[in-house]
Structures are given as structure tokens and as C-alpha cells.
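Enquirer: Listed below are the residues making up each chain.
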Amino acid sequence: MTTRRTRAVVIPGILALAMVAAACGSDEGSSSDSSPAEAAEGSTPTGTEAAGEATAGAVDTVGFIYVGPKDDFGYNQAAYEGSVAMQESFPDLEVLQAENVPETAESEAVMQDMIDNGADLIFATSYGHLEFAENLAAENPDVVFVHQGGLEQGGLDNVGTYFGTVYEPVYTAGIAAGEASETGTLGYIYAFPIPQTLANINAFTLGAQSVNPDIETIAVSTGSWCDPALQAQAAQSLIDEGADVLTQHQDCTKTIVEAAEAAGVYSVGYHADASELAPNGWITGSEWDWAALYTDIVQTVVDGKFAESDYNGDFRVGLQTGDNPFIQSAFGSMVSDDAIALIEAAKESFIAGGSPFAGPVMKQDGSVAWADGEQPTYAEVETMDFFVKGVIGSTD
Amino acid sequence: MIEQVLTGAVAGGTSILFPVVGETFTQRSGVINLGTEGSMLAGALTAYVVGIETGSVWLGALAGAGAGALLALVHAFMVLTRGANQIASGLVITFLGIGLTALFGQNYVGQGVNAFASVPIPGLSDLPFFGPILFDHDPLTYLAILSGPIAWWVLYRTRFGLMVRAAGERPEVLVAYGMSATTIRYIATVIGGAMAGLGGAQLSTAFTRNWSEEMTVGRGFVAVSLVIFAAWNPMKAIIGAYLFSGAIALQLQLQARGTDISQYLLQAAPYLVVVVILAALSRRRAHESPESLSKVF
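Note that the protein sequences, when read in sequence, are chains R and B.
135 is the number that the working numbering gives to position 135 of the first sequence; each next residue is one higher, with no gaps.
125 is the number that the working numbering gives to position 125 of the second sequence; each next residue is one higher, with no gaps.
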């Protein structure tokens, strides 16, 4: 990986430099040459040895695209590690990796490159990659596209989405946070108001309210999956407003955990176990373990059974249906046995068919989201567009 | 609330203030360096890495300044020695900075660094209102605030400053005195890069305690536009940097207080502030621009 990435990043930079040098004396120069910008993103597929090896029928190449770097201590790293673990089960499989693939038409070009290099199956792992994967799926019926976290639109035989039920461990983390908080105010830093983030913020709040009905969560968005400076400022704003537990839905998570620790407030992590960064304030968190699910998806495609499998649709795995790939991180020392017992009881209820959103649940504006005895389906959770009562923040 | 916004403005604005003051120097000498973003990133990563490897945040900051200066030196070579287009060269320097730091930073994402701690100034930090806003920060923040008046003094009260301004206004005068505008511009550009690197170092080793790819997210470009806002005056640079950062702190505070204003509008607000101020001031600023700069465009 390292050496391949070297090529992707450095050569365009050096070429660009050479171009400017060559343009000496000409004032117009190469100011119009903006291609290094794109190339420097490092979004070229980097495992190109497989070119030309693909043969019809056999599945010998799988591509993965990530919106961020594969070592971000978060979402992308978890997906990357899942791909590496998956590959151990398929030693002959060629795995193409592309990091920093933006959620734009550029992702379509990157996936097209992978197809040209023989990819038979592509994992598009970020929310905004879906529409571009579906575009390509229509043109490439022999290539299977699976998308992490979205809801498929086209009903094609070669497209599916998969995800864990992220909000389950987020709800149980909320139980621990609600018990730990002394101010009764929790802080949530998130990127954009999309159903996934809203469902998490709501689940966290409902979990906390299950132990302290008056607790409030302040939700602040940064408009970015990773802008550490903005994260640091957002963390400070939340602490200023009295939050004594900070949690987040961001791709890079370290700054917020460290800011909380430095300010002496509690942390609930996301995507990765960051307990070592917050020895005093770490409560718990939620993290991904994709290996089993990725391996099963690849096996299904290798066996030629994708079209009739559950993966050809919107596949969701939660405690009710199996092993949720989104697991609870280790607990900090302040989490009481009582809280752990409550968390275990909540998990049992989810396994038995319950939901973190089991009614009665009120919306922020006071209207009823789910009445007593009602609860949303997975699909309904993933179209959530409101905050529950007790969340301070705006969804527009 | 005002106290919290202003405290957030100073805490978050330091990493922008350094490059604004530095770029002011550079532009005063007649060079525009759009590579500021690249120099910031180089400074952020280098300070982080050196901080981890040596255990000294100060060595890290010094190395960060050096890395920023090195990229600026490449820009100076391109435009001053090789005569390349300043805008093109600056942009390339930025993309080079993005690429190189992404490459060399891979193994440091998520690693812990010995961060600069907050050093309250005895006596002053206990003052009501002004104490937390101005006197309870990391050492680099104090240095950044001081860099404004120091840069002003150097520019307007020293012989070197006179030469920098002459290089930007009337390079032929320097020649008449047997000096080279090119040498002065080299020095001013490298100073600008070093300060951008220092801004990056503050970002990674004091403010966010983190390294991640492209973590500056355009702050280097904001710094370049704030130089115009500040009318090439390093004292006004302080106002510019903290106004921008204050707008960020304000929008986050408004969100945390549950206002009904659209979060998208709030997030755009800091940039809108810069655009509006530039639009309002640009005509006036045109007269205050170092004369040689007009030749760049």
C-alpha cells in the first residue's frame, strides 16, 4: 500500500512543480493546470496488478472505496481493517483499495477504474457514494455493488446495501452516559443532519433518559466529517453550555475525546476505542467489527448467489437478527454495576425484538413519534428526520 | 456568552493569525504566496511528528516553522529565480503540501502527542472577562498575539522593514541603493512560510492535539484573504483573524443554545463575514496595496 500510495500522491506533485518551473518567464504559466489537485487526493485505485486478469464468471477481484484515509482512527479505518480481515479468508482474491474518494462524480470514475481493472464486486463504504454506485450498476450488470449504510433505490439485481444497527450500542452508551452525568446535559458533535446521525443522537438521548428522564442532549453540527479545529471549538461551546459528557458522530474522533479529557468531562467514543486517550473520562463507545459481514458478502458473491440473497436489498443486522457489526467498546471504571445491568437488560430486549425507539417517543416539537406499543422498522429508523424531545438543536 | 465567544475566537484564531501576519510580510515585499495552506499543513505535520519523536513540543513548533519556511522557499525560488507565475506556483505549493503531508502523515494519524498545555498568566488570568479571553491560553497563542505588534514594529521602525516595504512599493529604489529586491523578497517569503508553519504547529500540537489529512481545511486560503482585509497591516491582522474565528465560535454557540437559524447558514457565516468585509473594503484597499503586487495580476 505504502509504495503504491507514494506514486499516487508524490508524482503528480513533482510533475506539477516541474510544469511550473517549465513555464518560467511566461506569466500565463500553468495556472490553468489544476489536475494535480485531483490527483493529489490520492483517489486513484492503487492495486492495479489485477489489470486484465479478470475472467468472466469467476470472482477474483474486489474493490473498496473509502471517503477518508484508511487510518483515520474511525469509520474508514474500521472498514479498511474489515477488508483486510476478509482477505485472509480469500488468499487468491485481489483487493483494490481507494482512499479519500469524495462523495461526488469522482467516485464514479474511481469505481469505473476498478471495473476496468477487473473488479467483480465493489464495496462503496460512504453514505454519498450510493448514487454513483447505482449509476454504474445499471451499466455493469455483471459487477455487484454493495453500499455501506444507504437505502438502495433502483431494485437492481446487482445492488445491495448493508449496515449494522448503529443506534443499538449508541443507545446503551446513552444509558451509561445518563448515569454518569451530573449536570444532566450531554453534548453531541455531529457532521450533517442525515438519518444516521439523527437516529444516533436520538438513541443516545433516549438511552440517557431511560435512567434520567430530565436529561438533555445539545447537538452541534460541524458541517464536516473531519475538521479538528472546528471540533475543538464545538467541544468548548458544549462544555460552556454545561455538558459534562461529550460524544460525537465524526470520522476522525481523537480531538473531541482529548478535548473532553483535558476539560475534565466524560467521553463516549464512536468508531474506535479511544479509552487510552481519556483514562479518566472514558465511559464507553461504539465501534465497528466488519470482518464477518464482509467475508460473508464476498462468499455469497463468489458462490454466485448474490441476487437471491438478503444482501440484494437493504440488509440490516442488529441484535435481533444476528451479530451486530457495531459493538460496544470497553467500559470505563466509573460505569457502575447498576448501569451495566441496565445495559445488559436493554440488549436482551433488543435481541427479543425490542427497539431503542420503542414508544412512547415524543418528537422535539412535542408531537408523537411512536405511541406506546409502537416501534419503527429498520427502514423507518433510516429515514428519521427529526430530533426527539430532550435534544437541543436544529435539523435544518 | 460574549466572553465565551471571544475566548473561542482567540483559542481558534491563533492558527490563522500566524499565517496572516506572515503573509502580510510576504505581500509587503511584493510576493503573493497562495502556498500558505501547504506551509500550514507542512508545519502541522512536522510539529506533530517532531513533537512525538523528541518529546518536546517546542522543538516540534520550531521544526514546524522550518517545514513551512522550506515550502515557501520553493515558492520563492519558483517565482523570484525562475520567474514562474505567482498564483500558479502558490497553488502548486499548496497541493504539494497536501500530498506530501498525507503521505508522510499516514503513520501518525491517531497517535498521541505531547501537546502544548495552557499556561495561565499569573495575576492577569484571574481578571474578570479579559482573563479567560486573553490570558489563559497555550504559549503559541501569546506568541501569535505578540507577533502582530512585533511585525508592525519591524515593518515600520527598522531598516529591514523599510527595505521590505521598498521591495513591495519601489524595487528600483533598492537597486539605486545597491541592494537586491530579490534577496529581500526571498527573506520575506520565507518568514511568511515559517509563520504559516507555526500556525499549523499550533493547530496540531496545541489546539486540536491531532494530526489528520488536510486538517487545515482551507484556513491557509482564508489567511491570504484576511491580509487584504487587514490592509497589509499586521496589527489589523489580529482583528481579521479573530473576527473570522469569532464568527465560527459564535455560530457554534448559537447552535449549542438551540437557535432556530439554519445550521447551514450558521456554518457559512464566517466565510460570509469575510466576503462581505472584502466587498465593502476592496475599493479602498486597492490604494493601500503594495504597488508591486498589482504586477502579479
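In case anyone wonders, no lab produced these hints; they're calculated from the structure.
Computed from a predicted structure; not experimentally measured.
Worth double-checking, as some hints may not be accurate.
[To be verified] Now the stretches of chain B that chain R is said to cover, found in silico as 3 or more residues with beta-carbon under 8 Å: (1) 109-122; (2) 129-143; (3) 206-213; (4) 254-266.
[Claimed, not checked] Distance ranges between label pairs, derived from CB positions: (5) 183/R / 81/B: 55 to 61 Å; (6) 59/B / 153/R: 40 to 46 Å; (7) 2/B / 139/R: 52 to 58 Å.
[What the hints assert, rightly or not] Reference excerpt, derived from the structure (chain B facing chain R, CB under 7 Å, subset only): (8) 70; (9) 106; (10) 187; (11) 217; (12) 249.
Glycine included, each C-beta is placed from N, C-alpha and C at the ideal position.
Enquirer: Indicate, hint by hint, whether the structure satisfies it.
Expert: Tested hints:
{"no.": "1", "hint": "109-122", "result": "holds (count 4)"}
{"no.": "2", "hint": "129-143", "result": "violated (count 0)"}
{"no.": "3", "hint": "206-213", "result": "holds (count 6)"}
{"no.": "4", "hint": "254-266", "result": "holds (count 10)"}
{"no.": "5", "hint": "183/R / 81/B: 55 to 61 Å", "result": "holds, 60 Å"}
{"no.": "6", "hint": "59/B / 153/R: 40 to 46 Å", "result": "violated, 54 Å"}
{"no.": "7", "hint": "2/B / 139/R: 52 to 58 Å", "result": "holds, 57 Å"}
{"no.": "8", "hint": "70", "result": "violated, 13 Å"}
{"no.": "9", "hint": "106", "result": "holds, 6 Å"}
{"no.": "10", "hint": "187", "result": "violated, 22 Å"}
{"no.": "11", "hint": "217", "result": "holds, 5 Å"}
{"no.": "12", "hint": "249", "result": "holds, 6 Å"}
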